[in-house]
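Sequence order for the protein chains is V, Z and Y. Numbering-wise (this note's numbering), the first sequence opens with residue 1 and increments by one. Numbering-wise (this note's numbering), the second sequence opens with residue 1 and increments by one. Numbering-wise (this note's numbering), the third sequence opens with residue 1 and increments by one.
A hint or two may mislead.
[What the hints assert, rightly or not] Residues of chain Y placed beyond 10 angstroms of chain V at every Cβ, according to the derived structure:
hint	residue
1	R11
2	G33
3	P59
4	D65
5	E97
6	S121
7	E318
[Stated by the list, open to error] 25 angstroms max Cα-Cα, derived SDA-like pairs, lysine to any residue:
hint	chain 1	residue 1	chain 2	residue 2
8	V	K350	Y	R145
9	V	K48	V	T79
10	Y	K199	V	D281
[Said to hold, decoys possible] So the derived list for chain V, only partly shown, Cβ under 7 angstroms to chain Y, looks like this:
hint	residue
11	K48
12	S58
13	S199
14	K203
15	A227
16	T228
17	F231
18	A264
19	D273
20	E286
21	E322
22	V326
23	D329
24	A364
Hints listed in this document are in silico derivations from the structure and should not be mistaken for laboratory results. By construction, the Cβ of each residue, glycine as well, lies at the ideal position given by its N, Cα and C atoms.
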Amino acid sequence: MSTSDEVLVSVRGLKTYYSIRGNFLDRLIGRTGAAVRAVDDVTLELRKGEVLGLVGESGSGKTTLGRTLLGLVPATAGTVEFEGQDITRLSEHDRRLLRRRMQIVFQDPHASLNPAMTVAQAVGHPLEIHGLARDRDDIRARVADALERVGLAPAEQFLDKFPSDLSGGQKQRAVIARAIILNPVLLVADEPVSMLDMSVRAKILELMLALKRDFDLTYLYITHDLATAKFFCDRIAIMYLGRIVEIGPSEAIYADPKHPYTQALLRAIPEPDPRRTIPRDLPRGEVPDASRPPLGCSFHPRCPKAFEVCGWESRDLKELLERRWVGLDEAGFEAERAAVGPIEELDVPKTHLRLAAHGGAHGADLRGILDRARAADPAEPFWTGLRKMQDSNGALELDWHDPVEPRLLPSGSVQVECHLYDEAALAEAAQRRQSGIPE
Amino acid sequence: MATAAVRLQRRTVGVRRALAPIADARGMARAMLWTGAGLTLVFVLLAIFAPILSPYSFDAYQSGGHRFAQLAHPSHSHLLGTTVQSTDVLSRIVWGAQTELEVVGLALAFGLVIGVPLGLLSGYFGGPLDRGAVLFMDAMFAFPPLLLAIVIAFLLGGSVNSGVLVAAFAITVTYVPQYFRVVRNHVISVREEPYVEAARALGAKPFTILRRYVFFNVVQNVPVIATLNAADAVLTLTALGFLGYGVQPSQGAEWGYDVSRAVSDAASGIWWTGLFPGLAIVLLVTGLTLLGEGLNETINPVLRRRRIARVDFAAPSLEPRSEILEP
Amino acid sequence: MTAVLDVRDLRVWYGTARGSVRAVDRVSLEIAGGSVLGLVGESGCGKSTLGRGILGLLPEGARADGEVLYKGRNLITMSQRELRRLRGPELGLIFQEPMTRLNPLLRIEDHFKETLEQHESKLTGKEVRRRSLDTLARMGIPPTRFRQYPHEFSGGMRQRIMIALALVLHPSLLVADEPTTSLDVIVEAQILRILADLKENFDTALLLITHNLGIVAEACDRVAVMYAGQIAEEGPARDVFADPKHPYTRELLRSTISLDTKALHSIPGAPPNLVSPPSGCHFHPRCPDVMRICPVKDPIETRPEPDRRVLCWLHGPESEIPDGGTVPAERERIAVAEEA
Numbered sequence: 001m002s003t004s005d006e007v008l009v010s011v012r013g014l015k016t017y018y019s020i021r022g023n024f025l026d027r028l029i030g031r032t033g034a035a036v037r038a039v040d041d042v043t044l045e046l047r048k049g050e051v052l053g054l055v056g057e058s059g060s061g062k063t064t065l066g067r068t069l070l071g072l073v074p075a076t077a078g079t080v081e082f083e084g085q086d087i088t089r090l091s092e093h094d095r096r097l098l099r100r101r102m103q104i105v106f107q108d109p110h111a112s113l114n115p116a117m118t119v120a121q122a123v124g125h126p127l128e129i130h131g132l133a134r135d136r137d138d139i140r141a142r143v144a145d146a147l148e149r150v151g152l153a154p155a156e157q158f159l160d161k162f163p164s165d166l167s168g169g170q171k172q173r174a175v176i177a178r179a180i181i182l183n184p185v186l187l188v189a190d191e192p193v194s195m196l197d198m199s200v201r202a203k204i205l206e207l208m209l210a211l212k213r214d215f216d217l218t219y220l221y222i223t224h225d226l227a228t229a230k231f232f233c234d235r236i237a238i239m240y241l242g243r244i245v246e247i248g249p250s251e252a253i254y255a256d257p258k259h260p261y262t263q264a265l266l267r268a269i270p271e272p273d274p275r276r277t278i279p280r281d282l283p284r285g286e287v288p289d290a291s292r293p294p295l296g297c298s299f300h301p302r303c304p305k306a307f308e309v310c311g312w313e314s315r316d317l318k319e320l321l322e323r324r325w326v327g328l329d330e331a332g333f334e335a336e337r338a339a340v341g342p343i344e345e346l347d348v349p350k351t352h353l354r355l356a357a358h359g360g361a362h363g364a365d366l367r368g369i370l371d372r373a374r375a376a377d378p379a380e381p382f383w384t385g386l387r388k389m390q391d392s393n394g395a396l397e398l399d400w401h402d403p404v405e406p407r408l409l410p411s412g413s414v415q416v417e418c419h420l421y422d423e424a425a426l427a428e429a430a431q432r433r434q435s436g437i438p439e
Numbered sequence: 001m002a003t004a005a006v007r008l009q010r011r012t013v014g015v016r017r018a019l020a021p022i023a024d025a026r027g028m029a030r031a032m033l034w035t036g037a038g039l040t041l042v043f044v045l046l047a048i049f050a051p052i053l054s055p056y057s058f059d060a061y062q063s064g065g066h067r068f069a070q071l072a073h074p075s076h077s078h079l080l081g082t083t084v085q086s087t088d089v090l091s092r093i094v095w096g097a098q099t100e101l102e103v104v105g106l107a108l109a110f111g112l113v114i115g116v117p118l119g120l121l122s123g124y125f126g127g128p129l130d131r132g133a134v135l136f137m138d139a140m141f142a143f144p145p146l147l148l149a150i151v152i153a154f155l156l157g158g159s160v161n162s163g164v165l166v167a168a169f170a171i172t173v174t175y176v177p178q179y180f181r182v183v184r185n186h187v188i189s190v191r192e193e194p195y196v197e198a199a200r201a202l203g204a205k206p207f208t209i210l211r212r213y214v215f216f217n218v219v220q221n222v223p224v225i226a227t228l229n230a231a232d233a234v235l236t237l238t239a240l241g242f243l244g245y246g247v248q249p250s251q252g253a254e255w256g257y258d259v260s261r262a263v264s265d266a267a268s269g270i271w272w273t274g275l276f277p278g279l280a281i282v283l284l285v286t287g288l289t290l291l292g293e294g295l296n297e298t299i300n301p302v303l304r305r306r307r308i309a310r311v312d313f314a315a316p317s318l319e320p321r322s323e324i325l326e327p
Numbered sequence: 001m002t003a004v005l006d007v008r009d010l011r012v013w014y015g016t017a018r019g020s021v022r023a024v025d026r027v028s029l030e031i032a033g034g035s036v037l038g039l040v041g042e043s044g045c046g047k048s049t050l051g052r053g054i055l056g057l058l059p060e061g062a063r064a065d066g067e068v069l070y071k072g073r074n075l076i077t078m079s080q081r082e083l084r085r086l087r088g089p090e091l092g093l094i095f096q097e098p099m100t101r102l103n104p105l106l107r108i109e110d111h112f113k114e115t116l117e118q119h120e121s122k123l124t125g126k127e128v129r130r131r132s133l134d135t136l137a138r139m140g141i142p143p144t145r146f147r148q149y150p151h152e153f154s155g156g157m158r159q160r161i162m163i164a165l166a167l168v169l170h171p172s173l174l175v176a177d178e179p180t181t182s183l184d185v186i187v188e189a190q191i192l193r194i195l196a197d198l199k200e201n202f203d204t205a206l207l208l209i210t211h212n213l214g215i216v217a218e219a220c221d222r223v224a225v226m227y228a229g230q231i232a233e234e235g236p237a238r239d240v241f242a243d244p245k246h247p248y249t250r251e252l253l254r255s256t257i258s259l260d261t262k263a264l265h266s267i268p269g270a271p272p273n274l275v276s277p278p279s280g281c282h283f284h285p286r287c288p289d290v291m292r293i294c295p296v297k298d299p300i301e302t303r304p305e306p307d308r309r310v311l312c313w314l315h316g317p318e319s320e321i322p323d324g325g326t327v328p329a330e331r332e333r334i335a336v337a338e339e340a
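Only chain V is shown next, with the shape it has when bound in the complex:
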């Protein structure tokens, strides 16, 4: 691979928040609702000539990061330097000029071409926008070249067709032709093959690799699919809830995934080999709401290896109780629920909670429920985070260890944001364990 050490894009402390509209009253009095932290303090570098894979599930912020990088979405904080220019501070006009250098290919080929433009008009439009062609015939000739280059040959057959006349793969080729006609140096490819059939994906990926060689392109390959990323990328960045949790050379990450989330992603891929099955100990639950991320490490509620310092709190107790109640019979559930009362009160993140007993129950009854839950699943990581449980006058007081914010730290040839690889956090956890749980 022709990766050099020259940095093409440098992202520092980038944050992109979306404010979600509040309810009617909020809007009336001009108050904005909570913010979704789509990209939450990301720092990374894209070297010239490399393919960086940005991998994550939906809601991980990978698409927003790609768009912020191109200046299509305004950054909330931080900088994005492209060839030495901070694009977050450029004027709209200067940013438009930069479009010649950076382009994007979208996920849905059926929606990324204007249905009212022919292929010739669509692919040639960038030349028109930037005034790079002499006349119509010049545009047409250069469009024909670009189409042949992406495999839509003979070009004459496609020039005057409308997108609705093309198959998905052909549309995606046309979209790629439109992206490369300006001779960009950076191409952001946002899930370029995920909507295509299996037998077509390889062709589009091969095309992209060939274009990269011929045009000396640098790719940011955004995907949820670790299998294509493994084949396609020089380096991989794994995103979870707006943060990069692991980044490093592809070989290192696939050979020895460090972050429990990366490990889970890799093990969850259904492989076309019936001799291997997906393990049963996969992370539970789904990606949480990015407007109310968990305390500490965002992944801790789903993490099988979480421990004292990962950020345990009241919402984790709610999930624990709900998981417990799934397995109980109706009478058992009703009794426990009556004692706990409205479980929605646990939705406010707290590391100190006074859980009031309801329906004539006492603090001791609540303790009984938790003790039974613990006996049923003593290996549950949640229990490592519980520092103190104390009956107090019709309630149960619960204290969790204070969260330690995870940091992206080097570990071998990769960087990983996980307390398991942070000596300081491990030491802190060991110390807290030493002090014990004063029952």
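Starting from the known structure of chain V, arrange chains Z and Y on it as the hints suggest.
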């Protein structure tokens, strides 16, 4: 290098494609479309060739020094009879067609020129401009259209001389909010399409995006609304005429005015002065409505029904391609 | 095990202006009680039409013939009323987009109430509640969320609810059309677990329609590979994956990108237009092993192993192949333009 003909063909490929569904229309949609188009065309021809087709001028009460009879029965010399003012009913209907189409045509043109761009800008840029425009248009929408038209006609009547222009403005004001609304709402959904974001990523300026990417995908329903509005506008214009706020009798023939004059005739058994202008109104409105509904069914993809052919399992199997087996 | 569903020679064609679309063309299938059959193929090969055709859910303009025997009764000749009564308590369907199938104005509780009251009107309110909560619990949905609205659930939870809604009536056959396509990989794996465990928990046979060979390998007992409206190959999933008999199956497996992929591979050309599919074997223009007979004569289904079926001249029957028919032929040249 391409010849001019080839280039023209290339440039009009979009237009030809847009018209394709009309040629493909089938069944009820086709019947409505063509009946409506036929009826409308009759009135358009009447309007254009009024000077040739009409036996007399719209306000003529005499010909060659010979004064017409008052309220004459339909006869050879006056095919549809004459009115109480001795004018020829047929001539008034033919010239009336010209007035109706002039006013409606102008009103549509004004409405489109104001409503569509405003809807495009408001929908695409959003923000305070959008909120203000929506509020204003909704306020206009809340008025009963006829009342609004009367108020405008009354206000403009003093300063603008041409009755046709006054009527056209009065009708325009009632329809601008409709175009605005339809276009704006459609723009808001198109604005979120990936191809619009792709255009931004290509470095296109907002106005280029509006012109090349948004406009063509939004205007498709406009012909439908415009045609349906035209039918409605005919009714509004004739209502204005009936009430005496429309085109003044000295400036042109107008069917609504004629009907209002004929109200008193009907009681004394004189049917032709009211029936024929009334029929003209009904036929033109029906024609435009059918045309609009027909267009709606052919252009609107939600309503457009796929042509379904019967499945024949016994259909001949495929042609064998045997060239490979031959030695 | 006896077959819950026995499809024989099923054809489902759509009428269009350009001619009939042969979406399903003489398909035969069997699904044994409590087993999972995977139906794989690329988009436009007719797999969704087959799944819906089995349940009698055909779009306007479509016609079906052949036999779909469900517990011995032919669903094709059954009246719409009878079919409606079967759907739910006997035949269930799970769709790709769970959100669009849940009524946003109804609580989860009401969805279950409605379903159960419609088909099992004898149940008391308490029994309805117990049955619903029990089914939801098996899908991992806590009882505390029974009275919430669909929008309060995540995508994976909604799909679990949809599966629970289908299973609460204890159908004998469930058709799942791309049930995990809109879900993330970890959630997909969770749902696949649930589907694969159906037979242990509910004794329901499952027809799992997917384009993802990995999902078949994960969750299915048997697999049917569909190409251009026909079943190209059918057999136990393990055997088919280990030793594909049909060149299409083999090429599809090779072009799937997995963690083990060392080099990219693709099948030239694109799936054919089903109005006028290629003559003879529909796959012959794309087949690397094409022989002289392939474009000339429709292939005949053979059983290369007792439990497997394949529709390809490579496996005979020899008696039907004329002299020189097995001589390799040159694959027709496919312009890139024709490729998808």
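If any of the earlier hints don't hold here, list their numbers in rising order. Hints 11, 23, 24 contradicted; others consistent.
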